[in-house]
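Colleague: Place chain B on chain A using the hints.
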Amino acid sequence: MQPHPRLEFPSYPHRPAIRSTSRLSLPDDDLPHSHLEHREAVALYKPAIMTNNDAYLHLARPLGPALGQPSTAPLNVIVQPQALFAIIDHSLRRPADQERVIGTLLGTRSEDGTEVEIRNCYAVPHTENAEQVEVDMDYQKQMLALHLRANPKEVLIGWYATSSELNTFSALIQNFYGQQGDGTFPHPAVHLTVSTEPGKEPESRTYISAPIGVTAERAADSCSFIPVPHELKYGEGEKSALELISSAKDREDRTQTTFSDLEALENAVKHVLDMLERVSNYVNNVLDEEAEPSSALGQFLLNALSLAPKVDAEDIERDFNAHIQDVLVVSYLANTIRTQIDLSNRLATAALTLGTGDALSGEGGSGGGNNNREGGDNRQKGGRGGKGRQNNNRSQQAQQSQEA
Amino acid sequence: MPGPTTTLLIEGSFEELADELAQYIDNLKKSNGDESSNIQSETAAHLKENKKDEALKKLIMGSQTLNQAPEKEFIAAYNLLIHLVRQSPNLPMFLPKICAHLSAPITSSPQNGGGLALSVLGTVFNTLPQEHVEMRFHILLAVLRVIRATSNFETLRPQLKQLDKWLEDWDMDEAEDRKLYLAVSDVAGEAGEDEQAYTYLLRALRTFPSEEVSSTEARELSLRALKSALTHPTHFDFQDLTDLDSIQALRNTDPIYFQLLEIFNSDLLDDFNDFKDEHDGWVEESGLDGNLLNRKMRLLTLASISASSGQSRSLPYASIAKALQIPSEDVEMWVIDVIRAGLVEGKLSQLNQTFLIHRSTYRVFGDNQWREVSSRLDLWRNSLQGVLQVIQQEKQRFVEEKEHEANKVEQKLEQAQRGGRRDNKPKQRPMIDDEMD
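Top to bottom, those sequences are chains A and B. 1 is the number of the first residue of the first sequence in full-length UniProt numbering; add one for each residue after it. 1 is the number of the first residue of the second sequence in full-length UniProt numbering; add one for each residue after it.
If you are wondering where the hints come from, they were derived from the structure by calculation, not from laboratory data. Ideal Cβ positions, reconstructed from N, Cα and C, are used throughout, including at glycine.
Example chain B residues on the side facing chain A (calculated, C-beta under 8 Å, incomplete):
#1 I10
#2 G122
#3 T123
#4 V143
#5 F365
So these bits of chain A aren't anywhere near chain B, every CB distance computed over 10 Å:
#6 E238
#7 R318
#8 V329
#9 Y332
#10 A334
#11 L352
Just chain A, with the same shape it has in the complex (with noise of 0.2 Å):
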């Protein structure tokens, strides 16, 4: 069996060189803080993540301009994993002064634009202070063209910021964003925030935007954020390897082996298991009176485990074991075919090493052929017998070549 392949966590995140000597003057603060950060990162991936645990309403979105057909239908928005492990990583590399960092989210839209999914995104680098903000927009520009042209079926979303708060500066870089031209005009802009407070759960929102005040200088520089739903999605393979890494998380090397096929199988059979184990629970205190028994629960239950096939133990058994020698057949011939392959290159290679005295002349050269694929032959007998054999074919073989 192959060695397992192994995923390596760094202790603390790699910093570009130049942002880790910015943070030299922290000294104190870099590490535990990168630690907790980084720990964060992959606790995300709990079951737990925080996708909607706002009670808000969400019934149409405000109306699209005129392009077209236009609705207020309502929005969702899928969010793709790879894209918030961006973000949080992008998090824990901003500098030290900056409390939170933005970047594109790039991606697709369905159709009519209710559906939205944020598969990939790209930071940006902005500045902001009290009185006012600057984003990079040349550097957004040229990326997003960049991009566009690495993956043209995505097109801009919205943009992220790593941190819930919202203030006058996120309904600027928003009406950058949703603007004509470069932004995401005729669809809504939407924004992501990722809350990245070290030592808490993350929480992440998404919204989109609805203009607010009456006149054109008032709408140039606010807006109103309407909330709207978010789902986090991934597929199998994905959420194994999540799984996978999140499973790092508590050790102290930061290294997990992977699991091998039989692994993978014990562990799900014992999640079986556990399951079982909590319904039959439920099901025996119903028995005993001592849960409210739920007519639609155990009709559910009844129907699912109904749908065992009815196969007699014999049959399984008879099918098992046909199965069961066909693999054998198949890999007994496989065998044969490569001791096949392995004599012949075995038997080449011979000719080559001991062939090439006889060169010039044709006879003494198929004679020799002959001597060679003997002591071919004699070899590999002699590989399986004992020490003595050997030291007889190789005093035959040097003979042989002597001769010839």
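Modeller: Same frame as chain A, but now just chain B:
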């Protein structure tokens, strides 16, 4: 977890913004031919005396005109109004008025008016400060009114799952809970979502406290739920109904209805026919569809007899025909209908004239059924434990074999080294050995 405290981000003082809004409303009124409007000067006067609430009152009185604002500016203007109102300590005083205005049709946008109003109501709902959280109830009722008027149930559907949590948060009395559930049920019913309408009707029924179960209101609602359950073509589970106290109370007030429910809950077609003989003409009088009831009763009867078929798990066509009182050539059609209704799963064997049952629904889920669930669970668990044991054994064996192999290789290496010292043998010997094997 609370979201950000405010999502309405606009710079400017209350006075400035109020003034702008007042001016906007004035302009709007003027363009609609109402020259006399001077909200701006009135609000300005109030603001000078620092009477913010008075000014707000003026603005809200004028905000009716906003319904005539162009589509594009509608939301922006309303958002500003909400922003202003939020700053007032007397927020609950103003909101009902705003909700009433929003529930009125939006004249400037006949096509998207509903969406616009919903969007603004949503903002009002979402931005309500924590201390006025119970106001959300009234806003939600306004939302339901708008949805009903614009037949827009689809947009509401994904939000309904939060309803229970909200009601819990708002902590209101049962009557108000019931009002909301009934409103949802009405909206769903009008949208043709009978199943949803029925679910929320049941929830409304559950809100009756035990001492009120025989009140007139409870009785009317119970009868409504009962009728809709009986006539709903795809609803076959009556146990949730019979569990309700208010339905049990019908036993005294409307014994015939209750008897019918009992029959549909657990009895067979024969009993239903007896019932019809006993109360001749009652079904027609009560406005129930006799044909529909007959059909439903047949489906339920078939489900019952397949559930009681026991170990053989098969039903001859003849006994189906007898129980359903149908000619034997119709049996297959009925069985297919029952399968389509999801009550039974199985195979029809035309050759043997039998119906082989894979799964059947128990109309009454009693102790025996729970026992069956339990025994099947145990069976499953035992077999899985067997699998787990095999896996663990194999794993153990694999580890042992690996160790064994490692030992062997080590031994051979040692041997080879010893041998090498003795007579200068090439050391690859064991390697060749391995390859050959």
